[in-house]
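Participant: Respectively, the protein sequence lines represent chains A and B.
Residue 181 in full-length UniProt numbering sits at position 181 of the first sequence, and the numbers go up by one each step.
Residue 169 in full-length UniProt numbering sits at position 169 of the second sequence, and the numbers go up by one each step.
Where hints are given, some of them may not hold.
Residues from chain A shown here face chain B by an in silico Cβ test under 8 Å; the list is partial [said to hold, decoys possible]:
id	residue
1	V21
2	Y82
3	L90
4	L108
5	V180
6	V190
7	T192
8	P194
9	L204
10	S205
11	A212
Hint data in this document are derived by calculation from the structure and do not stem from the laboratory.
Bear in mind the structure is a predicted one, so any value in this text is a computation, not a measurement.
From the three backbone atoms N, C-alpha and C, an ideal C-beta is built for every residue, glycine too.
There are 2 protein chains.
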Amino acid sequence: MATGRSHRPATRSRGIPEATVARLPLYLRALTALSERSVPTVSSEELAAAAGVNSAKLRKDFSYLGSYGTRGVGYDVEYLVYQISRELGLTQDWPVVIVGIGNLGAALANYGGFASRGFRVAALLDADPALAGRLVAGLPVRHIDELESIVADNQVSIGVIATPAGAAQEVTDRLVAAGVTSILNFAPTVLTVPDGVDVRKVDLSIELQILAFHEQRKAGEDRQDPDGDVPAVMPA
Amino acid sequence: MATGRSHRPATRSRGIPEATVARLPLYLRALTALSERSVPTVSSEELAAAAGVNSAKLRKDFSYLGSYGTRGVGYDVEYLVYQISRELGLTQDWPVVIVGIGNLGAALANYGGFASRGFRVAALLDADPALAGRLVAGLPVRHIDELESIVADNQVSIGVIATPAGAAQEVTDRLVAAGVTSILNFAPTVLTVPDGVDVRKVDLSIELQILAFHEQRKAGEDRQDPDGDVPAVMPA
Chain A
1 MATGRSHRPA TRSRGIPEAT VARLPLYLRA LTALSERSVP TVSSEELAAA AGVNSAKLRK
61 DFSYLGSYGT RGVGYDVEYL VYQISRELGL TQDWPVVIVG IGNLGAALAN YGGFASRGFR
121 VAALLDADPA LAGRLVAGLP VRHIDELESI VADNQVSIGV IATPAGAAQE VTDRLVAAGV
181 TSILNFAPTV LTVPDGVDVR KVDLSIELQI LAFHEQRKAG EDRQDPDGDV PAVMPA
Chain B
1 MATGRSHRPA TRSRGIPEAT VARLPLYLRA LTALSERSVP TVSSEELAAA AGVNSAKLRK
61 DFSYLGSYGT RGVGYDVEYL VYQISRELGL TQDWPVVIVG IGNLGAALAN YGGFASRGFR
121 VAALLDADPA LAGRLVAGLP VRHIDELESI VADNQVSIGV IATPAGAAQE VTDRLVAAGV
181 TSILNFAPTV LTVPDGVDVR KVDLSIELQI LAFHEQRKAG EDRQDPDGDV PAVMPA
């Protein structure tokens, strides 16, 4: 459970914009890299560049955490890692279950980036009885029939869906009925959940589509369009 | 190559904001689902709900495409699929190479979402000679030594990096030297590329971190903090 909430600065009660929440993991990734190299402090400009964010936006974001840095010195790397981790809820242990242990589920089970952020894979589940007992990333695959007992026994609140699209809604319904309140969805389908349950969808092709947009623009520039009506892309 | 660029409406020369570009794949996914169900038209409200976007933002985004819908009828689904696909550059074929055929690379090779969007996996590459020739998603894994010739022979402009972090920069340098100008990076590291090369990074734990933030908030609400200083989350 989160603790010490009432000791946080009152300024933060104004709320953290969702867009800031979405950037905190980017800062954390860059800060962790600095921490691993034993870098003690970092300027907002350096950190912004490492995180791929505008430095004015970074300073604004950090002001929501009550973190302003020290002029001429910058931000204390270790303290900022702690502040952001606490803000994101990563200083506690989050047991997750991964449902659907095909190529993608196996890749997720092996993904080091989960464990290093406080996410512990409590169980791997699949509907295929032939997979049951097989070790993936050191864990035995368990049959989907065990979903409800595994969620209850491990107090799982986050479920990761890596099933085919056709199975995703049923698995979601079972997870939610068992008490899961956050779903990370890798299946190519839109899930319906009751109020109070958060779903975030990962579509692995979306970033490729954005790259294709820019590739097309680059190809257009090479062609030196004489009309000059190729839309430019403005920074967000 | 893109064609017909000079016939596009002049209004679009004002530029498309990067944030709009990032939402186009979300609209496209929702529209494709409607198209598959043979739905002919859709209102901005319905489409916004399906894409998880505010409807005023959707109408603004579509205005950049010169698409305004018809009052009382809505948007023509098929035409909008075409418009967005064209805008994103998905009406042409994009050969991609995937480098690093571990669990993640194999999952990406099998991922149906690439092919359905115009991305053709031209080759799978790995540094492990023991993998060479093995079939993954119907394609033989080829040795990394063939990278330069494969990129040239297939006119590959997009490379997908699914290697361990330690190998990612060297692979990137080789892809760029061979002519690749867009990199989709799944490796947990920041890549350095020359001007004119686009990199987009996928960190599979980022969405989980955002869910953890909300889970922590939900846990805090359950505890009915008497000071009422739990930061609310504002919509982006």
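Participant: Now look at each hint and say whether the structure bears it out.
Facilitator: Status of the hints after comparison with the structure:
no.	hint	result
1	V21	5 Å, holds
2	Y82	15 Å, violated
3	L90	6 Å, holds
4	L108	7 Å, holds
5	V180	10 Å, violated
6	V190	7 Å, holds
7	T192	11 Å, violated
8	P194	13 Å, violated
9	L204	6 Å, holds
10	S205	4 Å, holds
11	A212	4 Å, holds
The structure is inconsistent with the numbered hints 2, 5, 7, 8, although it conforms to all the rest.
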